[in-house]
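Engineer: For reference, the chains in residue letters:
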Amino acid sequence: EDKVVQSPLSLVVHEGDTVTLNCSYEVTNFRSLLWYKQEKKAPTFLFMLTSSGIEKKSGRLSSILDKKELFSILNITATQTGDSAVYLCAVPSSRLTFGEGTQLTVNP
Amino acid sequence: NAGVTQTPKFQVLKTGQSMTLQCAQDMNHEYMSWYRQDPGMGLRLIHYSVGAGITDQGEVPNGYNVSRSTTEDFPLRLLSAAPSQTSVYFCASNQRPYYGYTFGSGTRLTVV
Chain B
29 EDKVVQSPLS
39 LVVHEGDTVT
49 LNCSYEVTNF
59 RSLLWYKQEK
69 KAPTFLFMLT
79 SSGIEKKSGR
89 LSSILDKKEL
99 FSILNITATQ
109 TGDSAVYLCA
119 VPSSRLTFGE
129 GTQLTVNP
Chain F
128 NAGVTQTPKF
138 QVLKTGQSMT
148 LQCAQDMNHE
158 YMSWYRQDPG
168 MGLRLIHYSV
178 GAGITDQGEV
188 PNGYNVSRST
198 TEDFPLRLLS
208 AAPSQTSVYF
218 CASNQRPYYG
228 YTFGSGTRLT
238 VV
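Quick mapping for you: the protein sequence lines, in order, are chains B and F.
Mapping to my numbering: the first sequence position 31 is 59, numbers consecutive.
Mapping to my numbering: the second sequence position 97 is 224, numbers consecutive.
Hint data in this document are derived by calculation from the structure and do not stem from the laboratory.
Each hint should be verified, as a subset may be incorrect.
Subject to a maximum C-alpha distance of 30 Å in a straight line, what follows is the list of computed DSS-like cross-link-like pairs (lysine-lysine) [what the hints assert, rightly or not]: (1) F:K141 - B:K31; (2) B:K84 - B:K68; (3) F:K136 - B:K65; (4) B:K69 - B:K96; (5) F:K141 - B:K68; (6) B:K95 - B:K65; (7) F:K136 - B:K69; (8) F:K141 - B:K69; (9) B:K85 - B:K96; (10) B:K96 - B:K84; (11) B:K95 - B:K31; (12) B:K84 - B:K69; (13) B:K31 - B:K68; (14) B:K96 - B:K68; (15) B:K95 - B:K84.
Please model the complete structure; the sequences and the hints are all you need to start from.
Structural biologist: This is how it looks when you write it as structure tokens:
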């Protein structure tokens, strides 16, 4: 059975801090890993990672995949209060297997 | 392009009542899924479908039924609502596996 584990489950930081969110996975027939951001509504898509060692970047957010060690990280630099959300990692096939998510709180 | 549309947005049911949560997508996506999200927990898969006429169970299927008579629609039926089914329900669709899913805006269900 596919399994996705995220850590930490909860993180509180101050504006301007840099954070690293972790996602490890055990899946059969791995093809890609997805990151989503969820505020008080439906998850919104951030990144899709398929190849090891290639960083995906969008503004202050970046993510990288290590297929050998079976994990991915999501980095957020210079955090802002608007980054407060749950960040979800998921592995797709015919359905999505989600991790529990990391609740990030950025305080002013 | 409407994307994935869920109705209703909010619903209160009494224990034992039945109802159907609607999900429709206009992107001609083959793959559709239903998730529930409880406070402090991630999304858990209820049922999913890989095409019209094909459905399968996810992690937490008990108490729910689905059908997929058309590509566009994937309704979720609660047979006899229980307080444990109080949750936020999300429908998602995808054209190809291994790629990003599009989520509906969710249905907040309370069973009293």
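Engineer: Are the hints correct? Go through all of them and say.
Structural biologist: Hint check results:
no. : hint           : in the structure
1   : F:K141 - B:K31 : violated, 35 Å
2   : B:K84 - B:K68  : holds, 25 Å
3   : F:K136 - B:K65 : holds, 20 Å
4   : B:K69 - B:K96  : violated, 34 Å
5   : F:K141 - B:K68 : holds, 25 Å
6   : B:K95 - B:K65  : holds, 22 Å
7   : F:K136 - B:K69 : holds, 11 Å
8   : F:K141 - B:K69 : holds, 25 Å
9   : B:K85 - B:K96  : holds, 21 Å
10  : B:K96 - B:K84  : holds, 18 Å
11  : B:K95 - B:K31  : holds, 15 Å
12  : B:K84 - B:K69  : holds, 24 Å
13  : B:K31 - B:K68  : holds, 25 Å
14  : B:K96 - B:K68  : violated, 34 Å
15  : B:K95 - B:K84  : holds, 15 Å
In the structure shown, a violation is registered for the earlier hints numbered 1, 4, 14, in ascending order.
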